[in-house]
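Asks: Can you make the complete structure from the sequences, with help from the hints?
Each chain, written out:
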Amino acid sequence: MILFDRVTKVYPNGQTALSGLNLHIEPKEFVTIVGSSGAGKSTLIKLLTREETHSSGKIIVGGLDYDTITAKDVPLVRRRIGVVFQDFKLLPNRRVGENVAFALEVSGARQREIKRAVPKMLTLVGLSAKQNMYPHELSGGERQRVAIARALIRQPKILIADEPTGNLDPGNAWQIIELLLKINRFGTTVLLTTHNKEIVNALKRRVITINRGRIIRDDEQGRYTLENPTTLKGATKGIATGVEAQN
Amino acid sequence: MLQFWRILHGGIRNFLRNAWLSTAATAVMTVTLIIVIVSFISSLALTATIKGVTDKIDVSIFLNNNTTPDQVAAFEAALKSSGNVASLMYVSPDQAVANYKNQNKDKPSLIQALDTAGNVLPSSIEVKAIDPKHLDAIEAVVSQQANQSLLDPTAPPSYTGGRKETIDRIVHFANFFKTAGLAASIVFVVISTLIIFNTIRMAIFTRRDEIEIMKLVGATKWFIRGPFIFEAALYGIIAAIVAVTFSYLVLLSSAPKVASYIDFGSTISFFQSYPFVILGGELLLGIIIGAVSSILAMSRYLKL
Ligand SMILES: Nc1ncnc2c1ncn2[C@@H]1O[C@H](COP(=O)(O)OP(=O)(O)OP(=O)(O)O)[C@@H](O)[C@H]1O
Ligand SMILES: [Mg+2]
Numbered sequence: 197m198i199l200f201d202r203v204t205k206v207y208p209n210g211q212t213a214l215s216g217l218n219l220h221i222e223p224k225e226f227v228t229i230v231g232s233s234g235a236g237k238s239t240l241i242k243l244l245t246r247e248e249t250h251s252s253g254k255i256i257v258g259g260l261d262y263d264t265i266t267a268k269d270v271p272l273v274r275r276r277i278g279v280v281f282q283d284f285k286l287l288p289n290r291r292v293g294e295n296v297a298f299a300l301e302v303s304g305a306r307q308r309e310i311k312r313a314v315p316k317m318l319t320l321v322g323l324s325a326k327q328n329m330y331p332h333e334l335s336g337g338e339r340q341r342v343a344i345a346r347a348l349i350r351q352p353k354i355l356i357a358d359e360p361t362g363n364l365d366p367g368n369a370w371q372i373i374e375l376l377l378k379i380n381r382f383g384t385t386v387l388l389t390t391h392n393k394e395i396v397n398a399l400k401r402r403v404i405t406i407n408r409g410r411i412i413r414d415d416e417q418g419r420y421t422l423e424n425p426t427t428l429k430g431a432t433k434g435i436a437t438g439v440e441a442q443n
Numbered sequence: 219m220l221q222f223w224r225i226l227h228g229g230i231r232n233f234l235r236n237a238w239l240s241t242a243a244t245a246v247m248t249v250t251l252i253i254v255i256v257s258f259i260s261s262l263a264l265t266a267t268i269k270g271v272t273d274k275i276d277v278s279i280f281l282n283n284n285t286t287p288d289q290v291a292a293f294e295a296a297l298k299s300s301g302n303v304a305s306l307m308y309v310s311p312d313q314a315v316a317n318y319k320n321q322n323k324d325k326p327s328l329i330q331a332l333d334t335a336g337n338v339l340p341s342s343i344e345v346k347a348i349d350p351k352h353l354d355a356i357e358a359v360v361s362q363q364a365n366q367s368l369l370d371p372t373a374p375p376s377y378t379g380g381r382k383e384t385i386d387r388i389v390h391f392a393n394f395f396k397t398a399g400l401a402a403s404i405v406f407v408v409i410s411t412l413i414i415f416n417t418i419r420m421a422i423f424t425r426r427d428e429i430e431i432m433k434l435v436g437a438t439k440w441f442i443r444g445p446f447i448f449e450a451a452l453y454g455i456i457a458a459i460v461a462v463t464f465s466y467l468v469l470l471s472s473a474p475k476v477a478s479y480i481d482f483g484s485t486i487s488f489f490q491s492y493p494f495v496i497l498g499g500e501l502l503l504g505i506i507i508g509a510v511s512s513i514l515a516m517s518r519y520l521k522l
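Line by line, the protein sequences give chains B and W.
Numbering of the first sequence is given in the working numbering, commencing with residue 197 and proceeding in unit increments.
Numbering of the second sequence is given in the working numbering, commencing with residue 219 and proceeding in unit increments.
Hints listed in this document are in silico derivations from the structure and should not be mistaken for laboratory results.
It is possible that some hints are incorrect.
[To be verified] With a cut-off of at most 27 Å between alpha-carbon atoms, the simulated DSSO-like pairs for lysine-lysine come out as follows:
#1 B/Lys268 x B/Lys316
#2 W/Lys521 x B/Lys285
#3 B/Lys311 x B/Lys254
#4 B/Lys242 x W/Lys521
#5 W/Lys323 x W/Lys298
#6 B/Lys316 x B/Lys224
#7 B/Lys353 x W/Lys346
#8 B/Lys268 x W/Lys269
#9 W/Lys439 x B/Lys311
#10 B/Lys268 x W/Lys439
#11 W/Lys319 x W/Lys269
#12 W/Lys439 x B/Lys285
#13 W/Lys298 x B/Lys242
[As the list claims (entries may be wrong)] Below, a sample of chain W positions facing chain B; criterion: calculated Cβ distance under 8 Å:
#14 Arg224
#15 Ile225
#16 Leu234
#17 Asn236
#18 Glu357
#19 Ser361
#20 Ile429
#21 Ile431
#22 Met432
#23 Gly436
#24 Phe441
#25 Gly444
All C-beta atoms, glycine included, are put in the ideal place defined by N, C-alpha and C.
Replies: Structural data, given as structure tokens:
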């Protein structure tokens, strides 16, 4: 499903974010990526969504070789992947239902199809009662569930979540993780990054640990191996710097 | 097609969302389009006025009423040979009477006077000169001894000479106004382009989060750009409708007041015969100004 072959990313300012990274993710896997701040997790995800282009190596996602993508194809690539962000990225002046519908409008779906699909998706994430509210009227956890609904509405094969619980309290964070697990059970490949030790350890799924742009651990049923564990509440940047100490 | 409606809808939504900026941009565009119309109308009217004054007959030679057609023909040939004759027209005595009555149909006393005098007016040759400023050659032909007997002794030939300067002044003045109108139109087109450019630039900045989100969920370049272009085109569309309506009403109400100075008759009839040509032209201009300035703004500030 996702294949990275010796992928290197050097930002224009000379910062190397990924160096010769190899990664293979099968369909329907649930993979968590951990690593200290600046390790290169978000960079990896931005390469997948084509927000950034890789400097060398090969990226193949769902059979599509990223070297063959032209600027015109980028929207199509993004429509095949659902993405969820730490800061939700909802449109503030559109209602919950409109935010979810938006992902379908962009890809040219018919109005009838949108009317049918949106309530179903909102029911799946448990927000059917809040369809007509605005994002600012929702809690953080609810907003993230709207974002997940939007990411899933096009039924992508892959769902990517970059620190989706980063701005949430433990209760809400768990709701989001449970939702991701549910989606994964339906057959969607899930790629999650997080700094949250408790979550990683409780998941008992594949964990990939990145440090300085390389994979240093890859465990089925992995655990959070970085020192300086973050509390559930304080899953913030700049704390998990334990890898160096460990090595 | 569906995407097109979504883009239009997005454009209208954006237009309404920053209503103040939209109104300001539309107002500037309206002023611009009014200036364009006014200068177009004045140009039409001034052209008609100029044509009116310069088409006037330059020389009228009144003839003895016992002049034979042969003599007239010979006289005409002589005049033509002067080299400064654009056109000639022989007006018979009956024709002269008819013309006179027609010109003075609202002055019955003058017509009555002519009737009393037995309805006699001299026949004449009306000459339109190629160069009305130098009528000497024509004058020379008229004053030739051989032709003197053909002339009406009571009515000497009339030359425009004295009027010429006034005509020149009118023509000069009219051309100046036409040029000024064109210049003002261009200046205002540039001003409204800049203002719309700036409005769209600000819209891009205030909506940059939204644009980023659109990109992330896979919106194409034109799905993101479309609403901005349509928003700017909408300024043009509204402005064109307001400008045409306004100008037409002003023209209708003010034309009679200035009719004695400027000939608006043909302009009004042009307006009335081709209202959609004028509206269409203004719409086209407004849409082009809007689209071009928003595309310029996006090429600078909306990197996709
Ligand atoms: N746009 C950019 N330009 C230059 N360097 C960048 C850019 N984005 C990230 N980097 C650098 O690349 C490295 C990896 O950054 P990345 O955002 O992938 O880290 P991360 O693992 O997601 O960190 P965090 O856990 O804090 O989110 C860092 O050193 C960062 O400074
Ligand atoms: Mg990150």
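Asks: Each hint should be assessed against the structure and marked as holding or not.
Replies: Hint by hint, here is what the structure shows:
1. B/Lys268 x B/Lys316: 31 Å, violated
2. W/Lys521 x B/Lys285: Holds. Lysine 521 of chain W to lysine 285 of chain B sits at ~19 Å (cutoff 27 Å).
3. B/Lys311 x B/Lys254: 39 Å, violated
4. B/Lys242 x W/Lys521: 17 Å, holds
5. W/Lys323 x W/Lys298: Violated, because 34 Å separates the two Cα atoms, which is more than 27 Å.
6. B/Lys316 x B/Lys224: Holds - the C-alpha atoms of lysine 224 of chain B and lysine 316 of chain B are around 22 Å apart, at most 27 Å.
7. B/Lys353 x W/Lys346: Violated, because 87 Å separates the two Cα atoms, which is more than 27 Å.
8. B/Lys268 x W/Lys269: 58 Å, violated
9. W/Lys439 x B/Lys311: 25 Å, holds
10. B/Lys268 x W/Lys439: 8 Å, holds
11. W/Lys319 x W/Lys269: 24 Å, holds
12. W/Lys439 x B/Lys285: 19 Å, holds
13. W/Lys298 x B/Lys242: Cα-Cα ~88 Å, so violated.
14. Arg224: Holds, about 6 Å.
15. Ile225: Interface hint status for isoleucine 225 of chain W: violated (10 Å vs cutoff 8 Å).
16. Leu234: 11 Å, violated
17. Asn236: 12 Å, violated
18. Glu357: At 78 Å from the nearest chain B Cβ, glutamate 357 of chain W fails the 8 Å test, so the hint is violated.
19. Ser361: Violated: closest Cβ of chain B sits about 84 Å from serine 361 of chain W, beyond 8 Å.
20. Ile429: Violated, because the Cβ-Cβ distance from isoleucine 429 of chain W to chain B comes to roughly 11 Å (cut-off 8 Å).
21. Ile431: 5 Å, holds
22. Met432: With a minimum Cβ separation of about 7 Å from chain B (threshold 8 Å), the hint on methionine 432 of chain W holds.
23. Gly436: 4 Å, holds
24. Phe441: Since chain B brings a Cβ to about 6 Å from phenylalanine 441 of chain W, closer than 8 Å, the hint holds.
25. Gly444: Violated, about 12 Å.
Hint violations for this structure: numbers 1, 3, 5, 7, 8, 13, 15, 16, 17, 18, 19, 20 and 25, all remaining hints satisfied.
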